[in-house]
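Protein chains in written order, with the numbering used here: chain A, 35 to 142; chain B, 2 to 160.
Derived list of chain A stretches under chain B, where covered just means 3 residues or more per stretch with a C-beta under 8 Å from a C-beta of chain B:
| # | region |
| --- | --- |
| 1 | 41 to 49 |
| 2 | 53 to 65 |
| 3 | 121 to 131 |
Which residues of chain A face chain B? A few of them, derived with a C-beta cut under 8 Å, are:
| # | residue |
| --- | --- |
| 4 | K68 |
| 5 | C69 |
| 6 | V96 |
| 7 | L118 |
Simulated from the structure, these hints should not be mistaken for laboratory data.
Heads up, the beta-carbon is just placed ideally off N, CA and C, and yes, glycines get one too.
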Amino acid sequence: VTGVDDAFATMARLKIAAFLAGCAEAEFGVVAQKCDIAASALSKAAITLEEAGYLRIRKGHVGRRPRTWLSLTTVGLESFEAHLAALAELTNQGRAHPARETAAEEPR
Amino acid sequence: MHDSMSGDISPDVALDVARAARRAAVDATRLPRWFPTAAGLSYALGFGLLGVSALIHGDRRAAFAIAGLLMCVVNIGSFGILAARGVRAGVLPSSGGTASRRARWMSTGFVPAPIAVAGVVWLVTGRVGLASLALGALLGISTWWRLSAWRRARAQPDR
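Just chain B, same shape as in the assembly (with noise of 0.2 Å):
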């Protein structure tokens, strides 16, 4: 169908085409609006209430662990729905998109952070659930963020 060679073509045609190829494939792979929130908040919540079992203790305390637990199972749960998504679209999304470089280390580079802190407040306070409850509020923040920032970035016009 197309398989002339772009040297009959002109850059700037060449760049249009290879723009509109590009922003196709970035919006077949939209990260739906709920997604940042939805897991940030699972995540939040999930090791929040795993850290506030392992700190209480009486009849609560189960129920904390299996709310908890749940909670990590949603958050689980989203992000399969979102890879199943991509698999039955026949796209799976990038951390780059059109995005920045900037916004594709950010989309990565900023997820052993909360892991890393976590382990330092375990070490220092010597608490499970004082580490899960810091896990739980990094992890939750840093995500939302992570992920808002990475859509809004996927969202803008091509560089």
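Just chain A, with the same shape it has in the complex (with noise of 0.2 Å):
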């Protein structure tokens, strides 16, 4: 299906993206916090989606404490939206063709 996107292939880089879809930015701790991933898990996809050019990595201070920041690109965004959309239609050609489906996997 068209939009499918192997970026997005991972579960941490679908939470990732889709929790960053739903806001401008958002900080590193609380990403992994909110979608639970762990910190190393979500570095390794952060820096997969950044090479893709899907992701936005800024780092930043509040008060003293350094903090990392995390944003979607205009591109990730399109990306994941056309990769959600292929996601739905996917799930509307299952739900269309039950039987067919179910026929295919029975053991001849």
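These two chains come separately, so use the hints to put the complex back together.
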């Protein structure tokens, strides 16, 4: 299906993109906590998305404490929306042809 | 923790996961119920009082101007408090969230309109006070309406 993007193929990347699609920018620790992702997995996933041009990583400070902020790029948001649309299409196709799928899965 | 391929899970489960994650971000940046009214009212009173002070003469002129400026400070302060809350919470709100494209456009596209109308009032009448009154009324109403619509749109379930 057109629109399915491998960049969102892991659960961690899918969650990060979805969370960031719901806000302008979020702090690294908050994303890890709200998405229930370990910091190391989040870091790895964020770098992958950044290399794909889908995610922006910004270093900042709140008071004296350094903070890392994550946000989706415009391209990232568009690709993520297209990915969700493709998933929805796959879901609809599955609902439209449940009998065919069941028959195909049965052993002969 | 979670780094399995989404290919291992069905598309509808992936959609549910994405929906829940996006909802978590939107809920973390929810606009307080009082904010649209406070922002709209302080805009209207701020520019309205400044407009009145420019139109009248006498002792009360300074009092109206100070009150107007005070309301403008309250307005800027309320947006500042909201921004500080977002930074402290670690999530900054977007104009989108789960809102539709129309709601997103409304939240940003209508901002220059009151300023343009006030400019026309100033050009036609040549009176800064009337332009300021028009700006206060239009900016106050549009801000209240825009933020209320944005708040409602973000509170709705995902599309």
